Structures are given as structure tokens and as C-alpha cells.
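Undergrad: In case you want the letters, here they are:
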Amino acid sequence: ILNVEQSPQSLHVQEGDSTNFTCSFPSSNFYALHWYRWETAKSPEALFVMTLNGDEKKKGRISATLNTKEGYSYLYIKGSQPEDSATYLCAFGTGTASKLTFGTGTRLQVTL
Amino acid sequence: NAGVTQTPKFRVLKTGQSMTLLCAQDMNHEYMYWYRQDPGMGLRLIHYSVGEGTTAKGEVPDGYNVSRLKKQNFLLGLESAAPSQTSVYFCASSLAGGNNEQFFGPGTRLTVL
Chain H
1 ILNVEQSPQS LHVQEGDSTN FTCSFPSSNF YALHWYRWET AKSPEALFVM
51 TLNGDEKKKG RISATLNTKE GYSYLYIKGS QPEDSATYLC AFGTGTASKL
101 TFGTGTRLQV TL
Chain F
1 NAGVTQTPKF RVLKTGQSMT LLCAQDMNHE YMYWYRQDPG MGLRLIHYSV
51 GEGTTAKGEV PDGYNVSRLK KQNFLLGLES AAPSQTSVYF CASSLAGGNN
101 EQFFGPGTRL TVL
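These protein sequence lines are chains H and F, in that order. With the first letter of the first sequence counted as 1, position 87 gets the number 87 in my numbering; the numbers rise by one all the way through. With the first letter of the second sequence counted as 1, position 48 gets the number 48 in my numbering; the numbers rise by one all the way through.
Derived from the structure by calculation, the hints contain no laboratory data. Just so we're clear, the structure is a prediction, and the values are computed from it rather than from any experiment. Mixed in with the good hints, there may be bad ones.
[As the list claims (entries may be wrong)] What follows is a set of in silico ranges between Cβ atoms, one per label pair, in the way DEER data are often shown: (1) H:Gln14 with F:Asn1: 36 to 46 Å; (2) F:Leu69 with H:Gln81: 39 to 49 Å; (3) F:Pro83 with H:Ser85: 39 to 49 Å; (4) F:Thr54 with H:Ser28: 24 to 34 Å.
By construction, the Cβ of each residue, glycine as well, lies at the ideal position given by its N, Cα and C atoms.
Input sequences plus hints: build the corresponding full structure.
TA: Next up, the structure:
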């Protein structure tokens, strides 16, 4: 069983704060790293799929970086808004990557 | 497009009863997955399929069976439900393997008494 760890488990920030989370994964046999956003009472939705070491992706105020050699990815949110409140999941694919292993997520709460 | 749909949305079973959860996708995706979500744990893969007629075990397959007779449907069966199978079940699909995003269904909340 692959170990995908996310930190922190939860985070509470004020509107306008910038924040970041970490996803750690095994550095060997890397194939892909996914980030998903999961709002309460909804389903996870993909933010980014990253496959190359050094990759950086951006969608609006959210961006992610990837370091496959050391086995981590960062997700950044610039100027947090209440609508950013959600659980952010990362998932790691290895080998033939027909499947992903998910972390337990970072729960973000943004208050006014 | 409806995306990924799951039937039913909620179900309560008694220990020992059987049931089938249906997942359907209209995106012509090759890969389909069944996960369970429990408090404090990440999404855990039960079974998955890389194409019509194929299935494979995931991380927690015991007590479940699956079938993919049609490309658009992926069925998850519980032959003899146990309280440990109380969970929220999510189906997902993707165009192909690990460098393709997964699209999730709305989930099925199952309680086994």
C-alpha cells in the first residue's frame, strides 16, 4: 500500500490570506500526481494533473508545483475567499497508473 | 451530458442482505472505479476496470464484487452486507489511466444495520 500524506490536516484562514498545503508521496516509480477539490455535500472535482518534475500549473488563484525527485507537491491559494472552503485531496499514480492512491486531504476553512 | 451518475443515492440494509450499486457514465470513458469514503480516511479503491469486460481488485476488495458488461456501466455488488461496509461509495471514471483526471459521481450513502 502506497503512502500518500497530506499536511496540514486542517487549516483555518481569514479572507485574503494566502495559504499552501503539502502532499508527500513515494519518489520511486512516479507516474502522475492529481489534485482535487471537494466541497461539502458534493463530489471531488479535478484541479490539476501533473506528470513532469518541476511542473507548475495554475487555475485562477490556485497553483501547484511538483517535485518528483523528492516526492512532494505544493498547492497554493492566493488571496483565499470563503468559496475556497473545501477539502483538497491529492492522489498519486505509479507504474502503469491504472489507479490512484488518495491522501486523506487538507480541510480548508476561510472566514470573513 | 449527465457525467457520472450513481443509483441509489441512499440505502439502508440489514446485515446479510445483498444489493447492487449502479454507476453509469456517458463520456465514453474506458476506466471506471469504485471507492469508499470513511471518516478520517482517504478515498480507498475497492475495484476498478480498464475497459469493458475487465475488472481488477483495488486496495479493499473483500466483500465486494463488480461487473463491467457494458462500457458505460460499472456495478458494485455486496453479496452479504456487514456493518463494516457502512460507508459512502463513490464511482469515478476517466478517459484512460493515471494521467487523466477522474470524474466522480454524487455518491451513495449506505448504512448496514
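Undergrad: Each hint needs a verdict: does it hold in this structure or not?
TA: Comparing the hints with the structure gives:
no.	hint	verdict
1	H:Gln14 with F:Asn1: 36 to 46 Å	holds (38 Å)
2	F:Leu69 with H:Gln81: 39 to 49 Å	holds (45 Å)
3	F:Pro83 with H:Ser85: 39 to 49 Å	violated (32 Å)
4	F:Thr54 with H:Ser28: 24 to 34 Å	holds (27 Å)
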